[in-house]
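Chains as they are written, first to last, in the working numbering: chain A, 132 to 395; chain B, 3 to 274.
FYI, nobody ran anything at the bench for these hints, they're computed from the structure.
None of the values given here were measured: they were computed from a predicted structure.
There may be inaccurate statements among the hints.
What the hints assert, rightly or not - With the Cβ distance kept under 8 Å, some of the chain A side facing chain B (calculated, not the full set):
{"no.": "1", "residue": "Leu292"}
{"no.": "2", "residue": "Gln305"}
{"no.": "3", "residue": "Ile307"}
{"no.": "4", "residue": "Val371"}
{"no.": "5", "residue": "Leu372"}
{"no.": "6", "residue": "Gly376"}
{"no.": "7", "residue": "Gly388"}
To be verified - Here are some of the chain A residues that sit facing chain B, going by a computed Cβ distance under 7 Å:
{"no.": "8", "residue": "Val288"}
{"no.": "9", "residue": "Gln356"}
{"no.": "10", "residue": "Ile359"}
Yeah, the Cβ is synthetic: ideal placement off N, Cα and C, and Gly gets one too.
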Amino acid sequence: MASVEYVGARRTALWTPGRLRIAGAVALLALWEAAGLSGLFFRDLLPSTWRILQAMGDLLTSREFYTHVGVTVAEILIAFAIGTVLGTAAGLILGISRRTGDIFEPFIHYLAPTPKIVFLPILLVLFGVGMGSKIALGAISSFFPMALNIAAGVRQVSPVLLRVGRTFSLSRWQTIRMIYLPALVPPIASGLRIGLGVSIVGCLLSEYKLARAGLGFLAGQYGDQFAIAHMLAVLIFIFVLAVLGNAVIERLVRLPGPDTRRAK
Amino acid sequence: MANDAQGTTPVLRLQNVAKTFFTPHGDVRAVEPLSLDIRQGEFISVIGPSGCGKSTLMNIVGGLIEDYEGSVEVDGVQVRGCHKEIGMVFQEESTFPWRTAIDNVAFPLEAAGMGREERVAKARELLHLVGLDGFENRFPSELSGGMRQRIAIARTLAFRPRILLMDEPFAALDEQTRLLLGDKVVQIQQELNQTTMLITHNIAEAVQLSDRVLIMTFRPGRIKRVVEIDLPRPRSSKMMGGERFGHYVAAIWDDLREEASKGLQELERLRS
Numbered sequence: 132m133a134s135v136e137y138v139g140a141r142r143t144a145l146w147t148p149g150r151l152r153i154a155g156a157v158a159l160l161a162l163w164e165a166a167g168l169s170g171l172f173f174r175d176l177l178p179s180t181w182r183i184l185q186a187m188g189d190l191l192t193s194r195e196f197y198t199h200v201g202v203t204v205a206e207i208l209i210a211f212a213i214g215t216v217l218g219t220a221a222g223l224i225l226g227i228s229r230r231t232g233d234i235f236e237p238f239i240h241y242l243a244p245t246p247k248i249v250f251l252p253i254l255l256v257l258f259g260v261g262m263g264s265k266i267a268l269g270a271i272s273s274f275f276p277m278a279l280n281i282a283a284g285v286r287q288v289s290p291v292l293l294r295v296g297r298t299f300s301l302s303r304w305q306t307i308r309m310i311y312l313p314a315l316v317p318p319i320a321s322g323l324r325i326g327l328g329v330s331i332v333g334c335l336l337s338e339y340k341l342a343r344a345g346l347g348f349l350a351g352q353y354g355d356q357f358a359i360a361h362m363l364a365v366l367i368f369i370f371v372l373a374v375l376g377n378a379v380i381e382r383l384v385r386l387p388g389p390d391t392r393r394a395k
Numbered sequence: 003m004a005n006d007a008q009g010t011t012p013v014l015r016l017q018n019v020a021k022t023f024f025t026p027h028g029d030v031r032a033v034e035p036l037s038l039d040i041r042q043g044e045f046i047s048v049i050g051p052s053g054c055g056k057s058t059l060m061n062i063v064g065g066l067i068e069d070y071e072g073s074v075e076v077d078g079v080q081v082r083g084c085h086k087e088i089g090m091v092f093q094e095e096s097t098f099p100w101r102t103a104i105d106n107v108a109f110p111l112e113a114a115g116m117g118r119e120e121r122v123a124k125a126r127e128l129l130h131l132v133g134l135d136g137f138e139n140r141f142p143s144e145l146s147g148g149m150r151q152r153i154a155i156a157r158t159l160a161f162r163p164r165i166l167l168m169d170e171p172f173a174a175l176d177e178q179t180r181l182l183l184g185d186k187v188v189q190i191q192q193e194l195n196q197t198t199m200l201i202t203h204n205i206a207e208a209v210q211l212s213d214r215v216l217i218m219t220f221r222p223g224r225i226k227r228v229v230e231i232d233l234p235r236p237r238s239s240k241m242m243g244g245e246r247f248g249h250y251v252a253a254i255w256d257d258l259r260e261e262a263s264k265g266l267q268e269l270e271r272l273r274s
């Protein structure tokens, strides 16, 4: 044969990461199904995928479910928005003012990994059993990753770009808008991604603890009734919501650059 | 004021400008009192060994250092802090990577509140001036280092500064690019009659571009000698082979050599 054959390249082409991922998911499902059928576990503990699908069908056709979805989605969106705005502002202040950063950043660093759910009793008293306390917890959760990511990102901004801004007599606000924020798109994007995740966790967890509505509340109720298939269906629904949220962030937060332009 | 520009009032006047840095390890006198007048359209180079305070001087004139002794005057008016009459170009990579070439150049105009159409038209003119027609919509990462530095120069010129300050703008470039960019800068400078102050440690570059070369001493920085470069204009890098060009380079090196070796000794002393 005259032409060069890339045997190795051909072989890897069969197992692309995407196909491997699908194969992994299929294998996991098969394992789940096999474990359920084996009779080694209590029957209702590992409901078959079919029963989970049925449960999903129940949920999607009940009107009540959408009320819960609406409550949770509203909580998450409001919490995420509040946490992001406050976190961005705090991160900018901590990053730009070295002194403020030196004083306050350690507190934020040590508070960040604390499970925020410990604040729930206080938040319940302050904001009530309804959406208020859930929003507060979700906002607190997403505040930290945003603030820390931005504070660290600010220190990575090239000093010469800031000097350029000074020579053009930029105001403080212009410096933030025209230099810091565009320069900070990568840390903002990762802060948003992590922030969305933890605000979802924060809202759901507090719903699960004490609430009258919401997907976390619903999952908790199904769990208490040992309706495992329905509980899992709710969790899968939440998972899909989170994936969608991430996809939206990824589409929206992008730095202008040669790659995105060519894609157009 | 501008009417005086051709006459007696210098565009830029430094009077007894001096700077001491107070550090935990003691005070460092970076610049000794230094006075200098620069005429409209003049191209001045400041040359000196590393650590002679030439960048400090540049940052004082550009307004990035605000606490110094003496005074800086533009058209007879004292200035302190960054000033729109004084534009700076830096040695480091300074284009905004998230902006296209044209939006980089339009940056100061945008900051000044100029409308989109007007500032884009102005930026287009400036890109033409620096020879980057057709690259308007490219991002810096798609361009060479020399092209990026030309964008930075165009961006600084967009403000129409009375004085253009350049801090070793070619230092990060390879030798050939540096020579060609030098030709471009001198051509633009002549075209705009742009008063320019260049900081450099490259002797040939200083001779190629300047009307006057200021040789600075090693720390603390003083003006050791001022060399008038009496070469015909228009200048270009082609002159480098000429006899008079070589003569100027040799004369400047004569003065600089002593300072440079002082600097080197000091550096070795600190290392040991």
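**Item:** Restraint check, 8 Å cut-off on beta carbons, for Ile307(A) near chain B
**Value:** violated (12 Å)
Can you verify the interface hint for Ile359(A): is its Cβ closer than 7 Å to any Cβ in chain B?
violated (49 Å)
Exercise. Holds or violated: is there a CB of chain B closer than 8 Å to the CB of Gln305(A)?
Worked result: Hint on Gln305(A): holds, closest Cβ of chain B at ~6 Å, below 8 Å.
With chain B as the partner, please determine if Gln356(A) meets the hint condition of a C-beta pair closer than 7 Å.
violated (53 Å)
Measuring from the C-beta of Val288(A) to each C-beta in chain B, is the shortest one below 7 Å?
violated (11 Å)
Worksheet entry | Hint check: 8 Å Cβ-Cβ cutoff, Leu292(A) to chain B | OK, holds: Leu292(A) within 8 Å of chain B, min 6 Å.
Quiz item: Is the interface hint for Leu372(A) satisfied, with its Cβ closer than 8 Å to some Cβ of chain B?
Solution: violated (31 Å)
Notebook entry, point to check: Does the nearest C-beta of chain B fall within a distance shorter than 8 Å of the C-beta of Gly388(A)?
Noted result: holds (6 Å)
query: Against chain B, with CB atoms and a cut of 8 Å, does the hint on Gly376(A) hold up?
result: Check failed: Cβ of Gly376(A) comes no nearer than 25 Å to chain B, outside 8 Å.
(request) Return the status of the interface hint for Val371(A): holds when the least beta-carbon distance to chain B is below 8 Å, violated otherwise. (result) Not OK, violated: Val371(A) not within 8 Å of chain B, min 33 Å.
Of the numbered hints stated above, those contradicted by the structure are hints 3, 4, 5, 6, 8, 9, 10, listed in ascending order.
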